[in-house]
Amino acid sequence: RKEVEQDPGPFNVPEGATVAFNCTYSNSASQSFFWYRQDCRKEPKLLMSVYSSGNEDGRFTAQLNRASQYISLLIRDSKLSDSATYLCVVIGSNDYKLSFGAGTTVTVRA
Amino acid sequence: GAVVSQHPSWVICKSGTSVKIECRSLDFQATTMFWYRQFPKQSLMLMATSNEGSKATYEQGVEKDKFLINHASLTLSTLTVTSAHPEDSSFYICSAYLLAKNIQYFGAGTRLSVL
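Going line by line, the protein sequences match chains A and B.
In the numbering used here, each number is its position in the first sequence, counted from 1, plus 9.
In the numbering used here, each number is its position in the second sequence, counted from 1, plus 796.
No lab work stands behind these hints: they were computed from the structure.
Be aware that one or more of the hints could be misleading.
[Stated by the list, open to error] Using 27 Å as the maximum straight-line C-alpha spacing, the simulated DSS-like pairs for lysine-lysine come out as follows:
(1) B:K837 x A:K11
(2) B:K837 x A:K106
(3) B:K897 x B:K851
(4) B:K860 x B:K810
(5) B:K810 x B:K862
(6) B:K897 x A:K54
(7) A:K106 x B:K810
(8) A:K106 x A:K51
(9) A:K88 x B:K810
(10) B:K860 x A:K11
(11) A:K51 x A:K88
(12) B:K837 x B:K860
(13) A:K51 x B:K810
(14) B:K837 x B:K810
(15) B:K851 x A:K88
(16) A:K51 x B:K816
(17) A:K51 x B:K837
(18) B:K862 x B:K816
(19) B:K862 x A:K88
(20) B:K860 x A:K106
(21) B:K810 x A:K54
(22) A:K11 x A:K106
(23) A:K106 x B:K897
(24) A:K51 x A:K11
(25) A:K54 x A:K11
(26) B:K862 x B:K837
(27) B:K816 x A:K11
(28) B:K837 x A:K54
(29) A:K106 x A:K54
(30) B:K897 x B:K862
(31) A:K54 x A:K88
(32) B:K851 x B:K837
(33) A:K51 x B:K860
(34) B:K862 x B:K851
(35) B:K816 x B:K851
(36) A:K106 x B:K851
(37) A:K11 x B:K810
Treat the numbers as computed from the prediction; the structure is a model and nothing was measured.
So that you can see chain A by itself, here it is in the shape it has in the complex (with noise of 0.2 Å):
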């Protein structure tokens, strides 16, 4: 079982709609978790942290569920600027190596 997956997609949504994604983990350890968004052929770039409580960045909103091991992103009122490849990404409890999702795609069309 990989350490981290995600529900490659693609989202294919209209501006202006919401769009939400999970993403889940295996180690049960894990203690931080983040959101990057990746662009073609670019490098990923950090959108959010996790935390424990959900929180919120504008238009985006992540939550944490501990016990089901996941997390999610939910994208509301999108931007065709959205478009992109989100990566769901955990970190250990020992150490600061990132495990990486594969990516779930999401295309905001006009």
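Starting from the known structure of chain A, fit chain B onto it as the hints suggest.
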């Protein structure tokens, strides 16, 4: 602006040659840097952890003699792909870990094409 600089961004080389990729942290000192590889439509896979002043720690399945890592200073780590072959063609990305913020900052990546 970029906090991690990675060069070159794109390399095309002949099979059998060696390629060196540099990763620099610009605004902070990084005792730990990481090297990843990403094949098309796949996730980033950690290759090795680069520790300043000591030997790198390689992930299982990564040949340390083929992928030479040097972290000679707190702001520079290099990855040398020795005797590159077409199957080494990939997107190589480095990151530098900023302990104070518990964040890894990524370089822009190096696209390697071996002919």
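So, going through the hints one by one against the coordinates:
1. The straight-line distance between the Cα atoms of K837 (chain B) and K11 (chain A) is roughly 16 Å, inside the 27 Å bound, and the hint therefore holds.
2. Of the supplied pair hints, the one linking K837 (chain B) and K106 (chain A) holds, its CA atoms being roughly 21 Å apart against a limit of 27 Å.
3. About 25 Å separates the Cα atoms of K897 (chain B) and K851 (chain B), which keeps this hinted pair within 27 Å; it holds.
4. A hinted pair counts as satisfied when its Cα atoms are at most 27 Å apart, and K860 (chain B) with K810 (chain B) qualifies at roughly 21 Å.
5. Among the hinted pairs, K810 (chain B) with K862 (chain B) is consistent with the structure: their alpha-carbon atoms are about 16 Å apart, no more than 27 Å.
6. Taking the CA atoms of K897 (chain B) and K54 (chain A), the gap is near 15 Å; set against the 27 Å cutoff, the hint holds.
7. At roughly 32 Å between alpha-carbon atoms, K106 (chain A) and K810 (chain B) are farther apart than 27 Å, so this suggested pair is violated.
8. The suggested pairing of K106 (chain A) with K51 (chain A) holds, with an alpha-carbon distance near 20 Å, which does not exceed 27 Å.
9. The straight-line distance between the Cα atoms of K88 (chain A) and K810 (chain B) is roughly 42 Å, outside the 27 Å bound, and the hint therefore fails.
10. Restraint check for K860 (chain B) and K11 (chain A): satisfied, since their Cα atoms lie roughly 24 Å apart, inside the 27 Å limit.
11. Taking the CA atoms of K51 (chain A) and K88 (chain A), the gap is about 19 Å. The hint holds against a cut of 27 Å.
12. Only pairs whose Cα atoms come within 27 Å are accepted, and K837 (chain B) paired with K860 (chain B) is accepted, the gap being roughly 25 Å.
13. In summary, the hint linking K51 (chain A) to K810 (chain B) is supported, as the alpha carbons are separated by about 24 Å, within the 27 Å threshold.
14. Under the criterion of a C-alpha separation no larger than 27 Å, the hint pairing K837 (chain B) with K810 (chain B) is consistent with the structure, at around 25 Å.
15. Restraint check for K851 (chain B) and K88 (chain A): not satisfied, since their Cα atoms lie roughly 45 Å apart, outside the 27 Å limit.
16. Simply put, K51 (chain A) and K816 (chain B) have alpha-carbon atoms about 19 Å apart, close enough for the 27 Å limit, and the pair holds.
17. Of the supplied pair hints, the one linking K51 (chain A) and K837 (chain B) holds, its CA atoms being roughly 13 Å apart against a limit of 27 Å.
18. This hinted pair checks out: K862 (chain B) and K816 (chain B) have alpha carbons roughly 12 Å apart, not beyond 27 Å.
19. A threshold of 27 Å between alpha carbons decides the hint, and for K862 (chain B) with K88 (chain A) the separation of about 43 Å lies outside it, so the pair is violated.
20. Distance check on the hinted pair: K860 (chain B) and K106 (chain A) sit about 18 Å apart at the alpha-carbon level, within 27 Å; holds.
21. Under the criterion of a C-alpha separation no larger than 27 Å, the hint pairing K810 (chain B) with K54 (chain A) is inconsistent with the structure, at around 31 Å.
22. Annotation: proposed proximity of K11 (chain A) to K106 (chain A) holds, straight-line Cα distance about 15 Å (limit 27 Å).
23. Restraint check: the Cα-Cα separation between K106 (chain A) and K897 (chain B) comes to about 15 Å, which is no more than 27 Å; the hinted pair holds.
24. A hinted pair counts as satisfied when its Cα atoms are at most 27 Å apart, and K51 (chain A) with K11 (chain A) qualifies at roughly 24 Å.
25. Restraint check for K54 (chain A) and K11 (chain A): the C-alpha separation of about 22 Å stays at or below 27 Å, so the hint holds.
26. For a cut-off of 27 Å, the pair hint linking K862 (chain B) to K837 (chain B) stands: about 24 Å separates their Cα positions.
27. Restraint check: the Cα-Cα separation between K816 (chain B) and K11 (chain A) comes to about 31 Å, which exceeds 27 Å; the hinted pair is violated.
28. Under the criterion of a C-alpha separation no larger than 27 Å, the hint pairing K837 (chain B) with K54 (chain A) is consistent with the structure, at around 17 Å.
29. Taking the CA atoms of K106 (chain A) and K54 (chain A), the gap is about 16 Å. The hint holds against a cut of 27 Å.
30. A distance of roughly 33 Å separates the Cα atoms of K897 (chain B) and K862 (chain B); the hinted pair therefore is violated under the 27 Å criterion.
31. In summary, the hint linking K54 (chain A) to K88 (chain A) is supported, as the alpha carbons are separated by about 18 Å, within the 27 Å threshold.
32. Between the alpha carbons of K851 (chain B) and K837 (chain B) the distance comes to roughly 31 Å, so the proposed pair goes past 27 Å and is violated.
33. Using a Cα cut-off of 27 Å, the hinted pair K51 (chain A) and K860 (chain B) holds, with the two alpha carbons roughly 26 Å apart.
34. For the proposed pair K862 (chain B) and K851 (chain B), the alpha carbon gap of about 14 Å is at most 27 Å, so the pair holds.
35. A threshold of 27 Å between alpha carbons decides the hint, and for K816 (chain B) with K851 (chain B) the separation of about 17 Å falls inside it, so the pair holds.
36. For the given pair, K106 (chain A) sits about 16 Å from K851 (chain B) by alpha-carbon distance, which is consistent with the 27 Å threshold.
37. Of the supplied pair hints, the one linking K11 (chain A) and K810 (chain B) is violated, its CA atoms being roughly 34 Å apart against a limit of 27 Å.
When held up to the earlier numbered hints, the structure conflicts with 7, 9, 15, 19, 21, 27, 30, 32, 37 and fits the remainder.
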